[in-house]
Structures are given as structure tokens and as C-alpha cells.
Amino acid sequence: MNIYVKELKSHRKSIIFWSIGVFLMVVSGMTKYDAYSSSGQSINDLLKDMPRSLKAVFGMSDLDLSKVSGYYGMLFIYLLLMATIHAAMLGATIIAKEERDKTSEFLFVKPVSRNAIITAKLLAALTNIIIFNLATWISSIALIAKYNEGEAVNKDIALLMAGMFILQLLFMVIGSALAAVKKRPKTAGSLATGILLVTYMLSISIDLNENIEGLKYLTPFKYFEAKNVMFGGGLDPVFVVLSVVLIAALSAVTYVFYKKRDLNV
Amino acid sequence: MNVIEINNLTKTYGKARGITNISFNVEEGEIFGFIGPNGAGKSTTIRTLLSLIYPTSGSASIFGKDCIQFAPEIKREIGYLPSEVFYYDNMKVKDLLKYSASFYKKDCSKRIKELAEIMDLDLNKKIDDLSLGNKKKVGIVQGLLHEPKLIILDEPTSGLDPLMQQKFFELLEEENKKGATILFSSHILSEVQRLCNRVAIIKEGKIVTVEKISTLKENNYKKFKIETKSPLNQNYFQMSGVNNLAVDGSITSFLFRGDINAIMKKIADIEIANLWIEEPDLEEIFLHYYEKEA
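Residue numbers (the working numbering), protein chains in the order written: chain A, 49 to 313; chain B, 2 to 295.
Please keep in mind that the hints were generated in silico from the structure rather than gathered at the bench.
Some hints could be false.
Said to hold, decoys possible - Partial selection, computed: residues in chain B whose CB lies under 7 Å from chain A:
| hint | residue |
| --- | --- |
| 1 | Leu53 |
| 2 | Ile54 |
| 3 | Arg77 |
| 4 | Tyr81 |
| 5 | Pro83 |
| 6 | Lys99 |
| 7 | Ser103 |
Model, not experiment: these values are computed from the prediction.
For every residue, glycine included, the Cβ atom is placed at its ideal position computed from N, Cα and C.
When you get a sec, could you build the whole thing from the sequences and use the hints?
Structure representation (C-alpha cells):
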């Protein structure tokens with residue numbers, strides 16, 4: 049419990065800044081929608097002429113950008129990127145920082161098991177990503193309400209946030225597992241974000257090239273895409289199960305490897 | 002009863018040397034010195050005891066319990082001061098000590114105040130702003146605040162001024178009188194000489210010897226220095242029991258261990274100008290151990 053509280057305190061500033069960041073992201077995104085929507089249907093005509101590859105890169109494909117829901121769907125991928133970068137870095141640093149800051153000779157000689165320490169730290173990280181998720185959710189609902197013209201979107205947003213939460217969890221445990229396995233855990237954070245960017249690039253490549261559609265299982269960014277989740281699609285059970293299995297496996301890796309490993313002191 | 006039992010503990014880091022077949026016991030209530038030059042494996046041994054790292058082979062037990070299997074339980078009664086102290090920078094000393102105390106199921110606030118007073122430590126400062134010596138003091142208070150039964154100190158005096166060192170040693174002696182067992186690693190021999198009952202000497206990852214300080218000092222070794230009127234034959238004192246023989250002009254010096262009569266007869270046979278027989282200080286004994294295998 050004391051470790052959990054300590055971790056919450058030490059990440060307090062960071063989560064406040066991230067929450068402000070995601071809020072500003074939603075604000076600036078939705079303000080642009082204001083400009084789009086005031087030009088009416090013409091924006092869709094304009095986009096029709098845009099090359100498909102460009103639209104894929106910007107995450108605009110298959111979305112009706114003239115509607116607030118479609119526009120938010122495009123914005124969502126950026127929110128998702130922020131959320132997962134936050135989660136991956138948090139998962140990695142919360143485990144690795146004792147060794148990075150050389151405080152392991154303080155914490156690990158206390159009468160607590162390594163498992164208990166990991167549990168407290170992962171719970172603190174979980175709390176942080178929940179706060180991030182809620183900040184995104186509240187900002188989204190508030191800002192969309194401002195520009196909405198009678199579309200029922202709150203359920204879709206809830207579904208998107210549920211998908212985002214699963215991916216946050218997934219990237220958090222990718223980070224923590226890397227920090228637990230690596231002999232030099234300091235580098236786990238950058239490796240985790242590296243993996244994140246590679247999988248994101250892969251998801252764009254899949255959008256560009258239908259022949260590699262089969263690779264979608266390899267990139268979490270393809271699991272819960274706005275265009276599939278919204279408008280009645282919901283969360284695909286296959287990907288939910290896949291995510292849960294990955295999260296469980298990576299959590300197990302975190303515990304098992306960290307318990308067995310020599311600490312860098 | 003043995004508080005610490007170490008059996009054939011070996012730790013290898015790839016090619017680099019770790020420790021090899023370390024075995025020794027620390028008895029309840031004693032102050033045990035663990036001596037060796039830098040890089041000999043003192044910290045590795047201690048960190049293995051604390052299960053920060055795991056042994057390649059061998060085992061160790063503390064309070065009769067395996068130090069890995071029962072690590073959390075054992076650590077309730079261990080106070081540890083690492084050789085280099087690092088803490089969470091953005092915390093105040095007070096908060097860090099409270100955090101440290103929160104791991105033990107007892108109220109340590111009174112003891113924190115006492116210790117801070119003895120060590121002359123300002124509790125309201127930020128750890129960030131502390132000098133090395135003051136950080137060390139935080140480490141000392143942090144290691145002792147829960148009144149542990151076993152105190153493990155890794156090079157505890159580095160960074161402390163002589164006055165603080167003095168106070169710190171008094172504190173340790175006090176804790177020892179109250180029943181605490183102390184394992185004290187150092188490369189500074191004089192501090193060991195003063196505090197410890199027994200020492201283990203470690204060199205290149207291996208235990209060279211475990212002995213009582215009193216035995217070590219006790220005159221198994223005598224330091225001889227002889228001034229003669231005419232230079233001696235280099236090999237005159239080349240006999241069993243003589244070590245570190247050095248002939249420098251008219252001065253001959255060596256360490257002697259063995260039958261004192263034999264050496265006195267040998268000396269009586271030559272014309273001497275002056276004679277000094279001294280107890281060697283620990284430094285010389287240790288140097289002897291260090292060099293023996295070199």
C-alpha cells in the first residue's frame with residue numbers, strides 16, 4: 049500500500065500534464081472540426097480527390113468527416129497514440145526506475161517480496177492509465193457536445209474508450225515486461241515506444257496495402273479502429289480475446305522474469 | 002547461534018570475477034568485519050545475502066532461514082546501509098524516513114528523532130540538497146530506525162567526517178550492546194580493528210582467512226627491526242617463520258611468527274647496534290595476507 053501511494057505521488061505531476069495535453073488535443077482537434085463543418089458537404093468532396101494513401105496516413109479513410117462522429121473517429125487515432133505512448137513509457141519506467149535511480153538498494157531490502165512490489169507498481173500504473181482514459185473520455189464528450197448537431201455519439205465514444213483502455217493496458221504490460229526481462233532496464237522505455245511506433249507504422253501499411261491484411265493481428269492499432277468500433281460495429285470479440293491473452297501473458301512475464309533476475313545495483 | 006551462515010556461495014558474472022566458494026558464519030551478538038580491497042567481492046557477497054542478486058551456486062541463511070526463500074520475512078529484522086546511498090531525490094529527509102519506516106510494523110518516529118539528533122541530521126531538508134556525508138547520515142538513520150537485529154553495513158564510513166565517524170561507531174557499539182549483530186565491510190583496517198570481534202578477509206573473490214581480531218593481533222606475528230654495525234648477509238635471517246624480510250644497508254626488518262627463542266638465539270649470534278620488536282598493526286598483517294598469493 050505504501051509503495052502504491054508513493055508511486056501515485058511520484059507520477060502525479062506527469063499524469064496532470066498528460067491529462068492537460070490530451071484535453072488540449074481534443075480541444076484543438078474539435079476546433080478544427082468547427083472550421084470543417086461550417087464549409088458543409090464540400091469537405092467530403094475535397095477529400096474524395098485526395099489520394100487514398102494520404103488519407104490512410106492521416107487516418108481519414110472510410111470516415112465521413114462532415115459528421116462530428118466521423119471527424120472524432122479520425123481524431124481518435126491521435127488520442128490513442130498519446131494514450132498508448134503514455135502507457136508504454138509508464139509501464140517501463142515504473143519498473144525500471146528503481147534501478148535507473150539506484151534506489152533498489154533501498155526498496156528491495158525492505159521486508160516485501162518482489163511480487164508485492166511489482167503488484168503495487170502495476171496497480172499505480174493502472175490507476176494512472178485509468179485517469180488518462182477518464183480525462184480523454186470527459187474531454188471528448190464535453191467537446192463533441194459543443195459541436196454536435198443531434199447525433200447520438202456517447203455510446204460510440206464509450207466503446208472507443210473501452211478499446212483504448214484495453215490497448216493502454218496492453219502497452220503498459222509491454223513496457224513492464226521489457227523492463228523486467230532486459231538486463232539494462234533503463235532502455236526499456238525507449239524500446240517500448242519503439243515497438244509502439246513500429247506497430248503503428250505497420251497499421252498504416254496495412255491500410256495502404258490490402259495484401260498484407262493478415263498482419264493485422266500483429267499490430268494493436270488494428271484491433272479497435274474507430275471506423276470498425278463506431279456506427280454499430282462494437283469491439284471485435286476476436287481482438288478482445290487476443291488482447292486479454294497478450295495482457296495476461298505479458299503480466300506473467302513481468303512477474304516471472306523480475307523475480308528471477310539479478311537487480312542492477 | 003549463527004545469525005548468518007554462508008555455505009560455498011559462488012556468484013559469477015559471465016567472464017568477470019564474482020565470488021567463489023565463500024563460506025563463513027557470523028555469530029549472534031558479534032561485530033564481524035568483512036575486509037578486502039576494492040573489488041574483492043564484499044558488496045557482491047552482501048547483495049547476495051540480501052537477495053538483490055542471486056547466487057550461481059551455494060546458499061546462505063540468515064536467522065536460520067534461507068536468504069532467498071524467506072527474504073521478505075528475514076528483512077524485517079535487517080538494517081542495511083549500502084556503500085553508495087541513493088534516494089528519491091524529490092523527497093524530504095523526513096518523508097523518506099517515514100516511507101522507510103512504513104515498511105516495518107512498528108512506530109519508529111521516536112527512534113528517527115533520536116537518531117537524527119545523534120547524527121546531527123536536518124530532517125526538513127530535501128535529499129537533493131544534501132552533501133554526500135549528509136546523505137550517508139540519512140542512510141545510517143534509515144538503516145537503524147527499526148531497531149534491527151542484524152545490521153549490515155557496506156563501507157559505512159566513506160564520506161563521514163572523523164567526528165561523525167566517532168559518533169557512528171559509538172552508536173553501533175550501543176546497538177551491539179542491545180543485542181544487535183553487525184556485519185561490517187570495509188577496506189579501512191583501523192576501523193575494523195577498533196570495532197570488530199572477528200574478521201573475514203576476502204581477496205579476489207575468495208575468503209583468505211577468518212580469525213579473531215585478538216588472534217590476528219596477538220603476537221603470532223612480531224615485527225623485528227635490527228640495526229647492525231656492519232651490513233648483514235642477505236640470507237642470514239632466511240629461516241622458517243620469517244616473512245617480509247628486507248635488508249637495507251645496516252637495517253634489517255622482517256615479520257616473525259614461531260618460536261621466539263629460535264629467533265633470539267639467531268640475533269644473539271650477531272653484533273647488533275639497536276633492536277626494535279613491535280606488534281605489527283593490522284595493516285601489515287593484511288598486506289601480508291593480500292600479498293601471500295600474489
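Taking the hints in turn, this is what the structure says about them:
no. : hint   : result
1   : Leu53  : 5 Å, holds
2   : Ile54  : 4 Å, holds
3   : Arg77  : 4 Å, holds
4   : Tyr81  : 5 Å, holds
5   : Pro83  : 4 Å, holds
6   : Lys99  : 9 Å, violated
7   : Ser103 : 4 Å, holds
Hint violations for this structure: number 6 only, all remaining hints satisfied.
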